[in-house]
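A.B. asks: Listed here are the chains, written in short residue letters.
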Amino acid sequence: MSEYSVLGKKLPRVDGLEKVTGAAQYGADIHRAGMLYGKLVRSKHPHAKILSIDTSEAEKLPGVRAIVTQNDVESGRRVFATDKVLYLGEPIAAVAATDPDIAEEAAELVRIDYEVLPVVQDVMQSIQPTAPRLHSDDTKDGPTRRTIKAQLKKLQDDESQDHSAEIAELNAQLGILEDELYYNISAETHSAIGDVEAGFAESDLVVEDTYVIPRVHQTYMEPHVSVADVDSIGKITVWASTQGPFAIRSGIAGTLGIPLNRINVIPTTMGGGFGGRFGVALTHVPAVLLSQKTGRPVKLQMTREEEFLDGRPAPGCVIKLKTGVTADGRILVRQALGFWDSGSVSGASIGSTIRVRGVYKIPNLKVDAYGVYTNKSGTAAYRAPGTPQVAFAGESQLDEIARQLGIDPVEFRLKNLREEGDLIPGGGQRGGSNEPKVGYKETLQAVADAVDWKNRTKGPNQGWGVAIGDWTNGCGPGGMYVSVHEDGSVRIFHGSMDITGTDTALAQIVAEILTVPYEQVTITRGDTDSAPYATGSGGSVVTFTMGNTAKLAAEDTCQRILELAAERLNTGLENLELKDGKVSVLAQDSPRSISLGELAAYSLSTTGGPIVGKGSFARQPSTPALAAQIAKIEVDPEAGRIKVLKMVSSQDVGFAINPMAVEGQIEGGTVQGYAWATMEEMQYDENGNVNPGFVDYRVPTSADLPTVESVIVEVEAPNGPFGAKGVGEPPIIPTLAAMANAVADAVGVRVTELPMKPERVLDALSRK
Amino acid sequence: MRNFEFFEPTTVEEASSLLAQYNGKARLLAGGTDLIIGMKARTEMPEYVISLENIPGLDGITYDEGSGLRVGAMTKMRALETDAIIRDRYTALAEGAAEVGSIQIRHLATLGGNIGHASPAADAAAALLVLDAQVQIGSADGQRTVPIDALFTGPGTTVLEPGEIITAFEFPPRPANSGSQYLKQKIREVMDLAFVGVASAVTLNDGAVENTRIGLAAVAPTPIRATEAEGIINRYHPVTKEILEQAAEAASAQSRPISDLRCSAEYRRQIVGVLTRRTVQTAINRAQS
Ligand SMILES: Cc1cc2nc3c(=O)[nH]c(=O)nc-3n(C[C@H](O)[C@H](O)[C@H](O)COP(=O)(O)OP(=O)(O)OC[C@H]3O[C@@H](n4cnc5c(N)ncnc54)[C@H](O)[C@@H]3O)c2cc1C
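Residue numbers (the numbering used here), protein chains in the order written: chain S, 1 to 768; chain X, 769 to 1057.
Looking at chain X on its own, in the form it has when it is part of the complex:
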């Protein structure tokens, strides 16, 4: 690992100023489970590392029936997967978090890091897409909000400007008749990266499925929504096997996977269909129960 200078600011403003000052040469450090790996492999060689650890208020989960869920950027995956409200109402997020690495990793890994790293395969990303997350971004100049759909610009890149830091994720309230699920295709039960990840969320209105969201991970340069498939589920009622099959095909068609050493693009596309079918069905079942 290259030597670097280490900062431990105590406010977002201070961190932001440092990040802006050393733009391009500095990296934010959250749990370090992506960054340190990169530094050891020399794919990341920051001269300055800015820890977010000592900034109060970045960690924590708050929930309010009226305003919804707020998750601080420094919240650990382990906290997300074990939180009762998230498991109940934002199930796909708990499941996405629970898919990250191992329990040890999840005690370090943060939601902000998972999203800030902007890997197309990030396990929490698909859940954020289907749960309509709003990304709170802070800097020395103030605060702004970006919907999760508009955050990612490519593998490892986001709309964050120099000096900007993700501070929190906000989610609208979810009614009791809603349900969601995240499924990950992998070979190894734990400690495997997603070959494909699919999250689905639905709300039921008088038995009709509404507000369907389907998020896909690891099948495009960024995590994406399968909007065609969402439309199919919303349009038809009841959601029969045939409808699910149509939606699965639409999601496959909308995915843009690559072939790599892990598997072929064709396989990924096929799995998008399988997992779309399964997650939409489970989301509906969960909304009903």
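For reference, chain S alone in the conformation it holds in the complex:
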């Protein structure tokens, strides 16, 4: 993109130096005078009644300053368990002491008597009538019962005729379908497009499988941490490592019943988030309670073990998927039934089940999905929440279909891709809208070209796998100021959290518009007391939202610059041009110009005052983002281990504001997808989580993968800043399926349960 001087360039990150020198202040680096150390008292059982809580021994330990339980929560909102615990590690109380070791010791001394209850960890068991109930005895109907009940209602409402025979028949059917009465359901979602029955009837080939995807942790490098300091008049300050300081502020306010203006959240540099660093419950609220009680600053920091027990990971799920196609490879119909493990509360990404539609035209689609309670912690977002799981099912099955039809898997996908102008199904009967221009074909073609797909070769036990998946580019509200200083340097002031390069993109946008060198732009992140509101940094929103905000703020700044220049150079706005950091008078015999620095200095003594531009933005329709990947792998057929030989990842990014940062996102997401496919898995049994650490919860290291090759595809996104769209989430989506498809190509067996651990691969091979 040669038309730009700063945009589209591989410029170093604005936060690079402070990170590599260790100067960046993470949450764990915050220290306040007189600070106490908090520790949560956690449940030792995954399911139990709490009979009594006795803090007296712990209180006697020298150095202990306060212990809080639910009794200390005046708002009454649930912060700690009181009568019942639903997972191992659920917080019951919190301790503050003068030293972390004392706090830990005190937490051990809090005596809790339990009556242990039966445990359920498996979603398919949890829905059974025999399963222990976590919340109530309520039941929900499965998809067939729902359909029958809808028919029944229709017949009963129809008074024009006597339907009693049909009604009796349907009632009898309901009786037979007892096993479609689900227990422990936390949420449900149902949608249908077209007519799936007709679709299957018309299909030449119907394939049906069950896919099982495990719960995985975001494994951000920095465990949750907060430092809370409540002053003598009750004003709360919280240093938080979070993706969304404004969400933390409103979370604390809502939980404790405190007005927003009495809470200031100061965000620290964030040690990774991936969607898992939004919640208020884990450390922020307990730290505030302890500080309120002691009148001293309190630091509450989770250990890695606590992260596994009480983090909010990505949900595992079971997806039953059925797809019908014509003999010449057109997808006619797809039906999915999903059971998502939402842990002890509702909130798994069940809505993502609809993404079995993928990037394809599928005229008939039916999706029923349920969140299911189990004795685990709740879940949260993880990079394209829910979608890697669904894409694993969807893209594995398409691959299997392509194999059975004898069609090349890339060809098969190309044939079914959505195209610009297609009617987007969805929105029920509303008719939907039309497909915008999205690089579906370009992206798939690019990755295929990058590996020379048609001429690919492989040795024994080697295989190639392809997959593609899409995602929504989110957007949200944000505000920003830009000011120009007397030396011509520029400062951006905002409240959005930098996740892996977003600040860099903002600096590039502002530098481009103000025509100043990139190095001249710096960024200040305010806290929630001082910065304009910004949406949380998740859902691939930041570059889209804050990029647009930055564009508006920079344009507003330009306007003021030109006004000042017109005043100073005594000419009309229309005669002026901002270029290379100075404003020049166009079409003049004797060229006259004035630099931004001179204008900034001049502005200080004008009626209008200093140069401050403002931008505010909330939403604009965005277009889907997507990624396609091809993996070449080799399987050790005797020991079951998978080795990746080549991994190529393409992505439609709209416009790459900083191609280096984009490649970083593509590489990171792909590696996380690879990890989910091959090794990551939170394991549970009747005692709770059994692998709460990096010894048995394996994340890959740089030794596990060759360099991920990134292919950037740029199909301009209509409302994105300079055509850019969100890039953070899509690259994790296709990897799980690409890996499984490669294994199937290598050894002729399809693994439908992740991760593809060596033992599981051998199991599959033995069933060949």
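If you are wondering where the hints come from, they were derived from the structure by calculation, not from laboratory data. The beta carbon of each residue, even a glycine, is placed where N, CA and C say it ideally should be. Some hints here could point you the wrong way.
[Stated by the list, open to error] Below, a sample of chain X positions facing chain S; criterion: calculated Cβ distance under 8 Å: (1) Asn771; (2) Gln953; (3) Glu957; (4) Leu961; (5) Leu1029; (6) Arg1030.
[Said to hold, decoys possible] Taking lysine to any residue pairs in the SDA-like style, the calculated list, with each CA pair at most 25 Å apart, reads: (7) X:Lys1009 x S:Pro460; (8) X:Lys954 x S:Asp636; (9) S:Lys44 x X:Ile871; (10) X:Lys808 x S:Asp99; (11) X:Lys808 x S:Asp636; (12) S:Lys643 x X:Ile871; (13) S:Lys643 x X:Arg956.
Given chain S, put chain X with the ligand in place with the hints provided.
C.D. replies: Chain X with the ligand in isolation, oriented as in the chain S frame:
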């Protein structure tokens, strides 16, 4: 972590006396890569920690054609894996050491700690078994030698008496026509503990395979020798595919693995066979070249 008292003795005798004095409440500290982890997790709560760091003579590798190899207990894994003689003649030991954690860990982790910790999955243990290591044990009362086969008594336990410290490992000389290999079944390339570890060592005599040793890790309460399989390889000549298969089956049969969260006992047994076959074959190839 619990508070503890810290000692830095400068002789084996002094360390031994402290260890004996606080028997049961004291722990030796070498690289700390097992001990500190345990203390943080509160599975180890020593009141006294005795560092071996300042005792001269515990670190180092010496080799002599006549008497063989001597490795001090405080020798780092990184030193073992990069030592030219060990790589050449005691290859399984270099490979076992190279499998431990990461390069950073291996700059801290010692051979004495790996063996003293007595994990059934210790990556150096199988190599010591097949290279006939003799364990030198020192105390305030003097010195004794225990063959590696007789050191381990169970997961985390050894024949060491109160006050005894491992000072060195001695290995007999290995002729040029010998070869060895250690292979580890893992999921992650580095920083993974062994699902199964197998080391094999052989010596060739006129083309016949002799002195076969096969050591298994992570498939019994202690690292063990697969003696049945060793006998099969020694007995038949040439070592054909069928012989290797028989030996693999014998090694599997002799292993006593458990099922746990990492994998099933059946899988471990199967992998013992695969790795036995592979390591014996490689050991023979290496002996030939
Ligand atoms: C991240 C990580 C990854 C790891 N990966 C592996 C791996 O892949 N494979 C593997 O085998 N291990 C692994 N380990 C474990 C550990 O690094 C090794 O067992 C290491 O060799 C222990 O040595 P150390 O010097 O650190 O022992 P320390 O922790 O200092 O001591 C371990 C134990 O041995 C005792 N001890 C130490 N020295 C002596 C002595 N001279 N005489 C008697 N007793 C003694 C100590 O009292 C203690 O009980 C890993 C550890 C970490 C932290």
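A.B. asks: Could you tell me which of the numbered hints above are not met by this structure, giving the numbers in increasing order?
C.D. replies: 9, 11
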